[in-house]
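For the protein sequence lines, the chains are A and B, in the order given. Residue 1 is where the first sequence starts when you use full-length UniProt numbering, and the numbers rise one by one after that. Residue 1 is where the second sequence starts when you use full-length UniProt numbering, and the numbers rise one by one after that.
No lab work stands behind these hints, which were simulated from the structure alone. Built from N, CA and C at the ideal position, the CB exists for glycine as well. A few of these clues could be false.
Said to hold, decoys possible - Computed, partial: chain A to chain B, Cβ under 7 angstroms:
(1) LEU89
(2) GLY154
(3) ALA158
(4) THR174
(5) SER195
(6) GLY385
Protein chains: 2
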Amino acid sequence: MVERRKPIKVNDAVDRVMKFAVSGSVSYLSIEQAYGHFLGEDLVADHDVPSFDRSPYDGFAIRSIDTKNASHTNPLTLEVVGEIGAGSLFEKTVGEGQTVRIMTGAQIPAGCDAVVMLELTQEFEKDSKPHIEIKRSFNQGDNISFTGEDTKSGTVLATKGTYINPGIVALLATFGYKDVPVSSKPKIGVIATGSELLEVDEALQPGKIRNSNAYMIVSQIERAGGQPVYLGQFSDDLSTCYTQVKDALNKVDFLITTGGVSVGDYDYLPEIYQMLGANVLFNKVGMRPGSVTTIAEKDGKLLFGLSGNPSACYVGFELFTRPIIRTYLHSNHQCLQKVSATLGADFLKPNPFDRFVRGYLSYDEGKLTATPAGLDKSNVVSSLGMANVLILLPGGTRGYKRGMNVKVILLEDQTGTTLESFLSD
Amino acid sequence: MVERRKPIKVNDAVDRVMKFAVSGSVSYLSIEQAYGHFLGEDLVADHDVPSFDRSPYDGFAIRSIDTKNASHTNPLTLEVVGEIGAGSLFEKTVGEGQTVRIMTGAQIPAGCDAVVMLELTQEFEKDSKPHIEIKRSFNQGDNISFTGEDTKSGTVLATKGTYINPGIVALLATFGYKDVPVSSKPKIGVIATGSELLEVDEALQPGKIRNSNAYMIVSQIERAGGQPVYLGQFSDDLSTCYTQVKDALNKVDFLITTGGVSVGDYDYLPEIYQMLGANVLFNKVGMRPGSVTTIAEKDGKLLFGLSGNPSACYVGFELFTRPIIRTYLHSNHQCLQKVSATLGADFLKPNPFDRFVRGYLSYDEGKLTATPAGLDKSNVVSSLGMANVLILLPGGTRGYKRGMNVKVILLEDQTGTTLESFLSD
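The task is simple: from the sequences and hints, build the whole structure.
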């Protein structure tokens, strides 16, 4: 006889899983390798920026008081008494009627309080000495980048868990992070189940399909920031499968299985959870695809029993596994952003359950449009390649029409949002 | 005396560089490593999907004709004569009054033309044989996924140059790409110049700053899809620098230098281009930051002379180097997408030149808002970390007000756009 399962709401399911979210450890990587990782600690400025008053332009450092009466009709002549390359210093003090050639980024010499851009000067020699002519007046502080005007020492510039993009790398270098504290990536085991599965290099056979879920999930884990450990396919024998899962749990931080969670006769996962003594958080979610998604917990370790159907597997991962990975990476923006968009095409199927439709986002005159990416049969993979959003179509309607307002989940976005915001949107 | 340079427009500069864009070679990676690379050839379906008529649900395969008169008041009883797990086959033909238990993904047995979902059946035993009861009628084809209904064999599912995301990985696996043709990544040399530069692990010294550009550019190269080769800092001696550049050009596909392109006395690059006999495409662009960006070409190899100023360096890379990298990777969407958004804050500086302001994009009720990320002094790095767009503020105005319509360039987007579209927007 078949077990009847009671579906729970998607948000309740997310919430239930997130109760078991844990943070991982912190390790150190050299700055050359930090891109694409996640900050393991807050990034803090170790000095003021700029750390000295400096010139933002190539030009001449001057005393503004000398220029008080300078104009087109009354040009001012100054003697060039030295030059300062970026990184070098002018040791003397600049006096009345004097100027110093200064390069971009160099320190303002003592006595000077403004910079004239090179383009506004005329250079010439007088008595074999270099001089410049200036045809306007300057105020104290003109063209000077002052100490600390960008950032004060001690400022937190990015919080732990932040994705390390090229801008963050620039900050890390600026503030002396030769070794960067990064969040250790969780090791996530992947086991594919299904006696219909051929390996990717096998020829097709009647009734069989190639195993695409495992490779897809491995890539999703990488995109989310985890470290995938592909453990191969399940055996056909229950007790062997049980041993496989038990052994896997000792080696990884979380375990994902794809397939085997339905109520079919070859779906071993429910029985394995029982044999393990695992706490099944839910085994049916009120959503399509992915209603059979089952998540269990054993001694604090999560077991994600994702559907064997590729689309359902994909959606289940992004909804339930990704926020667990991002929490492990110390992010407080664990979830993917949910934003409003206009539906770009009719989706007229009756919709008893919340539906997550793969789609692509387009930008038209500042407005977002999300269009379902092809036929959304739950076993279709061809639309997955172009999808960059999941379109959320709440259940309980007869379908949706082009032009309606919908929520979409941004799949490639690294900013993310908090759990609270994800659940309340 | 100082050289006066004539600025060219940003789009003209992009166009001039792109005349020297070349495509790279194709190599093969195992599917486990393909994520994050770029397709070196079109991805083609090697078979119909599904490749056989199959069941999208767990249930029972039936002959629809048997159910013609079935209803709540007139339930139909069928004998269960076998079962088909996913991946296995039913060898006989199903006859009148018979049904076969069928798992999700399994092949429809001969004789059957519809599937009843498990939830709509009642199982029981009669004469020690398994039976089911059905209380409604079904049409031919109900709940069957037909051969080829998703994709026909030979269909191009993604074109060469496409970024390999998890969905593309699923397609590669489905269609038997054990070894994936990927675009070879261009090797891009990076040399940092500037006597003011300290290495990232050095203590600060008066007048000096730590080298952040090199690490930032290395990350930008990775994000764009190139393979960075950090060649260290320039020497202080011109002839040594010349040798460094000449040697570097033999080792890499393109060369990026940061700094040394101004008209300052320590800016060696203009002289080095001359010594090399390189063709300088432009040495001044009508934009801020990055007006001194200089790009030269020697025997078909591009030398990107980016500004030493971090923001200018960042912008110059995304505008000029990234499309060259994506072309090398066989993409016809070489450029970053330019989309419309509402300006989220005043930007009141007079604006003689086109300005590229780092900003972040937010999504409010389906509308895009782009807000400048902090003070936009061109030597400021602290706002780089949160930036996910460049806000384009065309020159010739007295400034921009909150609420105005602006174009923004999406920095983290993998979809991109064609050169034509980028230049016409």
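Hints, one by one, checked against the model:
Hint on LEU89(A) holds. Least Cβ distance to chain B is approximately 5 angstroms, under the 7 angstroms limit. A cut of 7 angstroms between beta carbons decides the hint on GLY154(A): the least distance to chain B is about 13 angstroms, and the hint is violated. At a threshold of 7 angstroms, the smallest CB-CB gap from ALA158(A) to chain B is about 5 angstroms, leaving the interface hint in force. A cut of 7 angstroms between beta carbons decides the hint on THR174(A): the least distance to chain B is about 4 angstroms, and the hint holds.
The interface hint given for SER195(A) is met, as the beta carbon of that residue sits about 4 angstroms from the closest beta carbon of chain B, less than 7 angstroms. The interface hint given for GLY385(A) holds, since its Cβ lies 4 angstroms from the closest Cβ of chain B, which is under the 7 angstroms cut-off.
Consistency note: the structure conflicts with earlier hint 2 alone.
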